[in-house]
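Asks: We have chain A; now place chain B onto it with these hints.
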Amino acid sequence: MHVLRVGWTYLRLSALNELQYRANLVVQFFTSILALANGVAGLALVFLHTESLQGWGPMELLVVVGVYTLIGGLIRAFIQPNMWRIMDGVQEGTLDYTLTKPADSQLLVSVTEFQLWKLVDVLLGTGVLVFAVLKLGGTIGVAQAGLFALVLLCGGLILYSLWLAVATASFWVVRIWSLFEMFESMYQAGRWPVGIYPEWLRLALTFIVPVAFAVTAPAEALTARLTPQTLVLALAVAAGSLTASRLFWKVGLRHYSGASA
Amino acid sequence: MRQLVNALIAQTKITILASFQYRVQEGIQLLGLLTESVIYLVVWTTIARASGGEVGGFTVGEFASYFIAWTFVRNATTGWSPWGMEWRIRRGEFNALLLRPVHPYWTDMGDMLGGKAIQTITLVPTMALLVWAFRPEFTPVPWSLLALVPALLLAFLLRYTLMYALAVTAFWTTRVTALFEVWYAVEFFTSGRVAPLSVLPAWAQSIAGVLPFQWMFYFPLELLLGRLTQQQALQGFLMQALWLVGVIVLMRVVWRAAIRQYGAVGG
Chain A
1 MHVLRVGWTY
11 LRLSALNELQ
21 YRANLVVQFF
31 TSILALANGV
41 AGLALVFLHT
51 ESLQGWGPME
61 LLVVVGVYTL
71 IGGLIRAFIQ
81 PNMWRIMDGV
91 QEGTLDYTLT
101 KPADSQLLVS
111 VTEFQLWKLV
121 DVLLGTGVLV
131 FAVLKLGGTI
141 GVAQAGLFAL
151 VLLCGGLILY
161 SLWLAVATAS
171 FWVVRIWSLF
181 EMFESMYQAG
191 RWPVGIYPEW
201 LRLALTFIVP
211 VAFAVTAPAE
221 ALTARLTPQT
231 LVLALAVAAG
241 SLTASRLFWK
251 VGLRHYSGAS
261 A
Chain B
262 MRQLVNALIA
272 QTKITILASF
282 QYRVQEGIQL
292 LGLLTESVIY
302 LVVWTTIARA
312 SGGEVGGFTV
322 GEFASYFIAW
332 TFVRNATTGW
342 SPWGMEWRIR
352 RGEFNALLLR
362 PVHPYWTDMG
372 DMLGGKAIQT
382 ITLVPTMALL
392 VWAFRPEFTP
402 VPWSLLALVP
412 ALLLAFLLRY
422 TLMYALAVTA
432 FWTTRVTALF
442 EVWYAVEFFT
452 SGRVAPLSVL
462 PAWAQSIAGV
472 LPFQWMFYFP
482 LELLLGRLTQ
492 QQALQGFLMQ
502 ALWLVGVIVL
512 MRVVWRAAIR
522 QYGAVGG
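These protein sequence lines map, in sequence, to chains A and B.
The first sequence begins at 1 in the working numbering and counts up by one.
The second sequence begins at 262 in the working numbering and counts up by one.
If you are wondering where the hints come from, they were derived from the structure by calculation, not from laboratory data.
Glycine included, every Cβ here is placed at the ideal spot set by N, Cα and C.
A couple of the hints might just be wrong.
[What the hints assert, rightly or not] Derived, one-sided and incomplete: chain A residues facing chain B with beta-carbon distance under 8 Å:
#1 Val27
#2 Leu34
#3 Leu36
#4 Gly42
#5 Thr50
#6 Gln54
#7 Ser178
#8 Glu181
#9 Gln188
#10 Tyr197
[Said to hold, decoys possible] Sample of chain B residues with no beta-carbon within 10 Å of chain A, all distances over it, derived:
#11 Ile382
#12 Thr383
#13 Thr430
[Unchecked claim] Computed footprint of chain A on chain B, listed as stretches where at least three residues anywhere in the stretch have a Cβ under 8 Å from a Cβ of chain A:
#14 307 to 317
#15 445 to 452
#16 460 to 471
Just chain B, with the same shape it has in the complex:
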C-alpha cells in the first residue's frame, strides 16, 4: 500500500513538472473546456430568460453558476481517454508498463492527478473571469463545500476506474471506438453535462437514475452549488460507494481476462 502511494505521488510530481514545459497545450485544453461550458451557459440562460426567468428549478443566475461550477467539476473528473489506451497498446508502449512492479492503473492515476493540479491553477482565475462576465447567483453552503471534497474524489475514482475498465477492452479489439461513442452520448445527457438533470423529461430522468453517470458529475456539482439537503448528500455518498465497489470488481475481472489475452506487439 505504501509503495503504491509512493508510486502515485511520484507520478503526480513527474506530470506536474513535465507539464510546465507544455503550457500552451494546457491552455488549449482549458479553452476547450471553457468553450463547451460557455455554449451551454448561454443557451440555458437564454431559455430561462425567455420563459419567465426560470427553467427546471434553475433561474438565469443559477444556470450561470451551474455552468461555471461545471468547469471545475469537469476538470476534476475527466478520466483516461480510451483512445489514448488503444494507441499505447497498438504502439507496444504497454509492454514496458506491464514490466514495472506497479500496476499501470496507479501510475496513470498519478498522471491524471498531476494534470488536474496544473489545470486547476489556470482554471480558477478563468472561472473568476466567467463570474465577471455572466454574473452568477451563488450562496456558498459551508458543510456542502466540505462534503464536496470526498464527493469529488469518489466521483473521480468512479469515472476513472470505469473508463479504465472499458479502455482495457482495447486488448481484444482495436475497434472499440464505436462503443465509446455510444457511452459518451449516454453520459452526455444523463450526467448533467449538457444541462442539469432537472430539465430533462421525466422518462430520461428515470433512465439517469439507474445509470452511474450522475454520481460522477451531477452529484458533486450540486454539492458545490449547495442545492442538496444533508439527507440527499448522504444518499449520494452511499450511491457513489456502491457504484465504486461494482466498478472495481468490473475492473479486476476485465483486467485479469485482458492480461491473459494480451499478445504484445513485437513479442
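Chain A extracted, bound-state conformation:
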C-alpha cells in the first residue's frame, strides 16, 4: 500500500511539472505520428509484394507495430527517464540524496521521474492495436484480452529489470551510456515478429535484448498465436529477471560508497 502511495505521489508531481510545458505536447504528437507513419509505410511497401510475411498478414503485422509503439512509449515515459537519472546521479553525486530517504531505494529510483507527454506513443499504439484487431474480424474475448495484458505486463517487467540492471552497472562503470544506445538500436528489431529472424538473432532478441517477450509475445496473444510454452517462459523470465535485478541492485548499493566518500 505504502509502495503504491509513494509511486502515485511522484507520478503526480512529475505530471504537474510536465503540464507546464504544453508546446512539447504538440512536438511530441508530431514526431510520434511521423514515426508511426514511417512504420506503416514500411508495412505497406512490404505488402505491395507479398500477402504474408512468414504467416503474418498485414493487419497482424499492424498489431506488432501497435505493440511496438505502445511498449516504446511506456519505456520512454516510465523507465528510461528514471534509469538515466540513476546514472547521472552516480556521476554527479545526487543519488546520495535519494538513498538517504526512508523508503525503499529501488522503489524511489524507479518512480522519481515520469515523462507525461511520451504517453502519446501509448495512445497511438493503442489506437493502432484497436484498429488492427477490429479489421481482423475483432472477436477478442475477455480471456484473450486478459492474456494480452498479462503478457504485456511480463514484457514490461522484463524490460524494466534489464534497464535497472544496466543502470546498476553504473556503480562500477560510470560511463554506461553506450549500453543504453545499444539497447535502443537493438529494440528496432521489434518492429517485426522475431520469428522472421535467423536462429542466432532470434536467441539474442529473446534473451539479451528481450524484444521477443516485450513485443512479439503480446502481439501473438492478440492474434491467437501464443503457445502455452511461450506464456510459461514469459512468466518465468519475468519473475527471474525481476528477482535477479533486485539482487543486483542490492549488491550494487553495498558496493557503492557515495560521492562524498
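Replies: Just chain B, lined up with the frame of chain A:
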C-alpha cells in the same frame, strides 16, 4: 586552399587518435548500423523467397548483397547530425569555433572523415561475418568498383553539405527537430535506405527521381554492386555534380544569413 587541406587533415588525425580511447562507443555505433541493415535484409529476403525468389529485380542473394553493401555506403555517407549542431549552439561552444581562422565546415568534415576511417576498420571484418551468415550473390565489376571511389566521395560531400546547411538553421530556431524528422522520413524511402528504389511503387519512384537523396546513397550502392551500365554511371555523376553545386550555393546563402543572425550565448 592548402591551409584548408592542412586543417582538414589535422582534424582527421585528431579524431582518429581520440576515438581510439572510445572503442566501446565505436562498437556500439557499428552495432546500430548492423542491426538496421540486418532487419531490412531479413525482411526483404523473406519476401523474395515467398514470391518465387525475386522482387523488383532483386533475387534473395542480391538482397543480401544489397544490405551488406548498404552498411559500407551508409557508414561512408553519414553526416553531421543537426542535433549535435543545435547542442553546440545552445551551449555556446560555437563561439570558440567561429573565432578560429578555419571555417567550422572544414574542421567538422575532418572530424567526420576521421570517424569514418576508424569505423571502416571495424566494419569490414563484420561485413565478412554478414557474408558468411547470409550468403550474398555478388560478382565484382572492376570499372564499377573504381567509379565507386569518386561516387562515394561526392555522395558524402553532397549529404554532408546539405545537412550542414540545414543544421545551421539552428541559429534561428532551436525547434528545428520537427523539420529534420520530416526530412529523415522522406530520405528514408527515397534514398534506397529501407529498400532498393526498384521495389517502390511507380509514383514513389518518380518522387525519388526529383529529390537529391538517391544520389547520396542509392547511386554509389548500385555502383558497388555493379548494377549500372557505364552510361547510367555517367548520368549519375552528372546528377551528383549538379546537386552538389546547388547544395553549396544553399550552404553559402544560409551560412551568411545565419552569421548575421547569430547572437552568441553568454555574449
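Asks: Among the hints numbered above, which are violated by the structure, and what are their numbers in rising order?
Replies: Number 3 - this is the single hint that the structure violates.
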